[in-house]
Every structure is written in structure tokens, then in C-alpha cells.
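Chemist: Once you have looked at the hints, place chain B on chain A.
Chains A and B, in that order, give the protein sequences.
Residues 1 to 116 (the working numbering) are what the first sequence spells out, left to right.
Residues 117 to 229 (the working numbering) are what the second sequence spells out, left to right.
Since the hints were made in silico from the structure, they are not lab data.
A portion of the hints provided could be inaccurate.
Below, in silico cross-link-like pairs of lysine to any residue (SDA-like), each with a Cα-Cα straight-line distance of 20 Å or less [unchecked claim]:
hint: 1; chain 1: B; residue 1: Lys153; chain 2: B; residue 2: Ser200
hint: 2; chain 1: A; residue 1: Lys42; chain 2: B; residue 2: Lys157
hint: 3; chain 1: B; residue 1: Lys157; chain 2: A; residue 2: Phe39
hint: 4; chain 1: B; residue 1: Lys153; chain 2: B; residue 2: Arg176
hint: 5; chain 1: A; residue 1: Lys42; chain 2: B; residue 2: Val128
hint: 6; chain 1: B; residue 1: Lys157; chain 2: A; residue 2: Arg37
hint: 7; chain 1: A; residue 1: Lys64; chain 2: A; residue 2: Val19
hint: 8; chain 1: B; residue 1: Lys156; chain 2: A; residue 2: Pro40
hint: 9; chain 1: B; residue 1: Lys157; chain 2: A; residue 2: Phe91
hint: 10; chain 1: B; residue 1: Lys183; chain 2: B; residue 2: Gly169
None of these values were measured; they are calculated from a predicted model.
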Amino acid sequence: GAVVSQHPSRVICKSGTSVKIECRSLDFQATTMFWYRQFPKKSLMLMATSNEGSKATYEQGVEKDKFLINHASLTLSTLTVTSAHPEDSSFYICSAKGGPGVGEQFFGPGTRLTVL
Amino acid sequence: EDKVVQSPLSLVVHEGDTVTLNCSYEVTNFRSLLWYKQEKKAPTFLFMLTSSGIEKKSGRLSSILDKKELSSILNITATQTGDSAIYLCAVDPLLGYGNKLVFGAGTILRVKS
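Same shape as in the complex, but just chain A (with noise of 0.2 Å):
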């Protein structure tokens, strides 16, 4: 199956601050990537939907000003947790599509964040 990387896979930061989380689709075009939350032994919640070149679309719920996406080439897109706090330590994950109509979503490994 295709392979999607998240970088970093663990990042611990102080409240406040700003982190970034990338995704790439390493080989294969993704034309849509998806950012999901997770909270322990629950499933996937999904945040946003991003396509490259456009805004991303928010799920309800999601303050699209503090989750700022970006898919800015068909390979890469990143999520910024800015301001972050206690309450935004979660293990995020983003997936990738190769296109529309038919298909499955691949998924990186995801990234577990900590805001102290």
C-alpha cells in the first residue's frame, strides 16, 4: 500500500506555544488529506478535511483559527496547534487519498503531542 510519514511522531511543548505537524504522501499524489484526533481508546475524530490548493473544510466543533491546515502540494500538508494547551494533548493522524471516487485512505503513523 502507499506509505504516509507524520513528522514529528512526539513533540512535548509548554502551553502557549505553537506546533506543527506534518504530513507527506511519499509516494504517491494526494489530492485530499485528512486530519484526525484521537483520544485514548476511542476512535478517530475527524478534525478537518484539506485539499491541496484550497481552504481545508472544518468539521463542526473545530476552531479552524487554532488548528491552522495547510496543503500547499499534492505531497504535503501540515497542522498547526497554535496557542496550545493542556486540553490539546492528544495523538493526531492524518491520512491521504490518491483521488476521488473509489479508493482507501492511507494513514501515517500519527503524532502524539503533549502540552505541559
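Modeler: For chain B alone, kept in the frame of chain A given last:
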């Protein structure tokens, strides 16, 4: 509202047992149903099902979709401790270009040796 329900929520079995995990869905439109396995990191893809009644198989795992019953099952035969994971079911509800998935809550499977 589109939703996906998985059962059971958790399951403990012994090595060698066979397990069946269930997934039912209610969506306005349906494109495909996907199964993922999640261990410590992000989910890994298992199966994608689009047609009713056609079994997909990979080793000891198999899955089938029933569009009439709006459901799918994932079978694991001769379970091993390495099968311990969260199994996620997701449906692609054909919502425009984005193809965002709707996930169920997952089934936590623990296989004891």
C-alpha cells in the same frame, strides 16, 4: 446523520479461537466500507468492500458486506496474540470530492495466550 456502529465494543478470547466483529451503518449514500486494524500507532488498512456478498480474504482474516442488512462482518480464525488490537470500521458515504470517512467506535480485541 450518518453513523457507524460496531459490536461488540470489546472482546477477550483465547489463542486459536475464531472471532466475528460486526459493523452496521446508516448513511444517506454509500460508496464503500473499510476495515482497519489499529495497534499502538495509526490504523492500517485491512479491507475495502463495495459489493454485497463478495468475501475478501487475507490470511486468517476475511470480511463480507451485506448491503441489504447495511452491515459487514470481519472474521478472524485461529486468533493469535498479535491480533490484539482495535478494529475500526469506516464507511465512505459519498459526500462529494472529499470522501471523508465515518468511523465506528471500534472493537477492542484482546487475544490471551
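Chemist: A separate judgement is required for each hint: does it hold in the structure or not?
Modeler: So, going through the hints one by one against the coordinates:
Of the pairs offered as hints, the one joining Lys153 (chain B) and Ser200 (chain B) holds, with about 9 Å between alpha carbons and a cut-off of 20 Å not exceeded. Between Lys42 (chain A) and Lys157 (chain B) the CA atoms are separated by roughly 13 Å; this keeps the pair inside 20 Å, and the hint holds. Distance hint between Lys157 (chain B) and Phe39 (chain A) is fulfilled; the C-alpha atoms sit about 12 Å from each other, no more than 20 Å. At most 20 Å may separate the alpha-carbon atoms for a hinted pair to count; Lys153 (chain B) and Arg176 (chain B) meet this at roughly 14 Å.
A hinted pair counts as satisfied when its Cα atoms are at most 20 Å apart, and Lys42 (chain A) with Val128 (chain B) qualifies at roughly 18 Å. Between Lys157 (chain B) and Arg37 (chain A) the alpha-carbon distance is near 12 Å, which keeps this suggested pair within the 20 Å criterion. Restraint check for Lys64 (chain A) and Val19 (chain A): satisfied, since their Cα atoms lie roughly 15 Å apart, inside the 20 Å limit. Straight-line distance between C-alpha atoms of Lys156 (chain B) and Pro40 (chain A) comes to about 11 Å, which keeps the hinted pair within the 20 Å bound.
For the suggested pair Lys157 (chain B) and Phe91 (chain A), the alpha carbons sit about 9 Å apart, so the restraint of at most 20 Å is met. Proximity of Lys183 (chain B) to Gly169 (chain B) is assessed by CA-CA distance (about 8 Å); at most 20 Å being required, the pair is judged to hold.
Hint check: no violations occur; every hint is consistent with the structure.
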